[in-house]
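Here the protein sequences come in this chain order: A and B.
Using numbering that gives the first Met the number 0, you'd call the opening residue of the first sequence number 0 and step up by one each time.
Using numbering that gives the first Met the number 0, you'd call the opening residue of the second sequence number 0 and step up by one each time.
Take these hints with a grain of salt, some might be off.
[Said to hold, decoys possible] Derived list of chain B stretches under chain A, where covered just means 3 residues or more per stretch with a C-beta under 8 Å from a C-beta of chain A: (1) 504–518; (2) 523–535.
[To be verified] The calculated lysine-lysine pairs, modelled on DSS-like cross-linking and capped at a C-alpha distance of 27 Å, are: (3) K527(B) / K377(A); (4) K324(A) / K24(B); (5) K324(A) / K527(B).
Think of the hints as simulated: they come from the structure by calculation, not from any bench.
Quick reminder that beta carbons are idealized off the backbone N, C-alpha and C, glycines included.
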Amino acid sequence: MSYKEKIDKLEEDLPKRVRDRLVEKIEEEDLSGQEIDDLIENTTREYKRCRFESGEAIGVVAAQSISEPATQMTMRTYHVAGSAQGVEITQGLPRLIEIVDARKTIKTPSMDVYLKEDYQNEEGAREVANEIRETKLIDIITEDRIDLLNLIVEFEIDKEAMKNIGMDREEAISNLNKGRRKYEAELDGDVIKIIPKDDDLSVRDLQKMKNKVMDKHLKGIKGISQAVVTEKQGRWNIQTLGTNLKKVLKVKGVDPTKTVSGDPREMEKVFGIEACRNTALKEGHKTIKEQGLDVDIRHMMLVADTMTVDGELKAIGRYGIAGEKGSVLARASFEVTVRHLTEASIHGEVDNLTSTVENVIVNQAVPVGTGMYDVVYKPEGLE
Amino acid sequence: MTDVFLNGKFAGITEEPKELVRELKEKRRNGEIPHDFNMRYNQDEENIRVNTDSGRVRRPLVRVEDGESLLTEEHIEKVEEGEMNWSDLIDQGIIEWIDASEEEDLLVASKDDEINEKHTHVEIHPANILGINASLVPFPEYNRGDRISYGAKMIGQTLGFYSANYPLRADTKSNILAYPQTPLVTTQTEEAVELKNHPAGQNVVVALLSYKGFNIEDALIVNKNSVERGFARSYFFRTYDAERQRYSGGQEDEISIPDKDVRGYRSEKAYSHLSEDGIVPPEVSLESGNVIVGKTSPLRFMGTGDFVTGIQNRRETSVTVRHGEGGVADKVLLSETENGNKLVKVTVREQRVPEMGDKFATRHGQKGVIGLLEPEEDMPFTRDGITPDVILNPHAIPSRQTVGQILEVLSGKVGAMDGRKVDATAFSSENEKDIRERLRDCGFRSDGKEVLYNGTTGEIMEAEIFQGIVYYEKLKHMVSNKLHARSRGPVTLLTKQPTEGRAKEGGLRLGEMEKDCFIGHGASMTLKERFSSDKVTLPVCKKCGVIAVEDETRGETRCPMCKDSDHIEDVPMGYAFKLLLDELKSMTIYPKLNIEDSV
């Protein structure tokens, strides 16, 4: 029997990753016969030893392991100087709360855009970044003014900005003249002239029009206010502020197999619940780690798993997990007591006292640890 | 056009606001209008506000004109000779009382030699930026700011000689230090507020030394013989009062030794200290639980079934010595309330000898509790035979940067040798160099260190030890006020759970988060035991799922719903849960208990 077969036989005991690693290690170290058997035996034993035992209160342990360091995070919210060049992303406790609460709208949504091989250079990365970043008229002008004599709006073009964004003047004008509008844009040297179609506009109307035009979308993907090119160990990628994963995935040069959003809800919508779970896990763990705190990833895994087991993202808390507990007493003791009691009495709910809180209330042993099992002695011949 | 307001009320308008304010101030300085008028021209709000009302915080400042303080040497001389006094200086406009709003437009120099043309006023003394308590801290400018705050705060908690007529007073709670001393190292404020009449601490010899490890974490090692000589000994007074109240229906309380058939009669021993009138006489030793004033009251609900003929229908409402306290009846005061009820006030005095756990502090915010009372023969000593009263851990100093305390040690030593007080007022204290020089002249090292010998072995200590005199304050937090433990004890009527708080001999709560820890450890059975303080076993009807009624007169247990005595099962539960069931029932929710056999 080859060692590969032996390892495959352990499917019940070891997860795939550990089994793969075993094979890898055996090949790497060029082990043989007895050594292989010893390695497999020891690994299996150690793996089993590391698993939590039946009756272990993993939920409580996970909750304490995350929330105790989280109390320290409140005090430390500093900004890392120069990281990601100006993209300031919510960090620390606010970010952690955001993830665990499964917020609909997160404070600073962001994406990690990965690039295809042909775009793995600064030029390519910048090209893609320019394609993604939303450019408005206001981003490419240095000055705006209203010509009171001719009643038109004028904008001075920022040549530097135009060059950086990679847009020429004609493109800007043609984009300005797209769609339904109340003006005609014209180019006059370095000046963009906005000539209203309606020629008896008041100055105030003109002012309004000016502000509206400045906000006009010229290029890129809506919702992405910043796209910063970063390089790490020769790999180029783009960090964004603002998300629009669906559209970004279609952009040329973007690697759709790797690109992710930091918003679990968006990931759920685009890739599904597993991706959502991984995002919640990764983001949560990253947030804690960034603060210099060491929390075992398995605690966060449990949180991410409970948030997504039902196939949809649920918050930890009143509107999520805690609000859907099976026990009436547990729910009533958490929040909005009256509502849960009335609902339960209307529907005639039964509380089977299967979990912790409800057993504490009636002063019974909590079915955890020493309270998991009963010793029931039936003397012979009694029945 | 500027509005003028007098005490917040509109008084008129003016075209020349600056001129008006200038003129008003001049009149005040001349004495044409009272000195408690304060005015300010607010350019942002375009109004003038003149205030004369009470309740404004004002402080005196010396006026400055053309870069010169108006308070000259000449004035000071005259004041010293008694030719001038404070009100003369005010009347002449040399010193002004400034309120918060008028201060906004001033430029105040903190010292005379700082004055330039722009200044309008100068502080009487730069230490005036400190409050009363903060300015009692010696050498504050050598300390970190937060330490001064802590020190100032703790000055307010010291035991001292708060009032000379304390034997006549009937304060509910008060403390008196047995042998108070004024500090050797003082500030000018101390003299100004006449603290010498109300001292609140003692000058003690302090060695900066880690000795046997009993002073780690800010603890203090205190010389036991010093304590026996009276160091930090204090008296605690508590006044109890009893009132003979009158009730409707002509009933009233009775102050006397209660009869044995009174409801709630305590043990005979508890009344043994009372004299015939039912009140303890002075100078009688008392323990906690002893009755101070014997009192009985009529029953609360007359006419109900409680009333039984043949016995005294009164209940016991005596005033007793508090739990955990004791002492000697100090004085007894008989009086009347405004309603004409008889009023008895008894003050109990308790001697408090310093013990392990009592809290002490210096004026530099260096607080600590006694960690060990060490007999003098085991304390380190100098070649002159001086043993420290207190051994302070050196770790208390570097991180807190209370340099002022180091200087106090040196100054205290000099003060003790010279038999004088050393001035340590903020910004004008005696020169450190001079103090060190003087110390050398007295035969000490100028750095304050001394050679010490180990108290137990007699060996010379390897390092010289920093030793000197520091003013120590005994703080009102003493262990005897805080020590508390309980195994069994009183429970509350409603929930059958233990009472809360030390005064009620209460339990220590095992809270929500502590509960989570037990669960996290899987210690279910331990948790169940800890939460079983209100454990009861109640009969439950298996059919209806409600708690059955135990009818003693009929000798049966029956279900209140099916009126049946079958199907009754004893179920153990927490009494609080039973209350929850009752409460649900009162809200027309029917909580039905499904009972199954456990085996």
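Going down the list of hints, with the structure as the test:
1. 504–518: holds (count 4)
2. 523–535: Contact hint for the segment 523–535 of chain B vs chain A: holds, 9 residues under 8 Å.
3. K527(B) / K377(A): Answer holds: K527(B) to K377(A) is near 25 Å, not above 27 Å.
4. K324(A) / K24(B): 74 Å, violated
5. K324(A) / K527(B): Satisfied, since the Cα-Cα distance of roughly 22 Å is no more than 27 Å.
In the structure shown, a violation is registered for the earlier hint numbered 4 alone.
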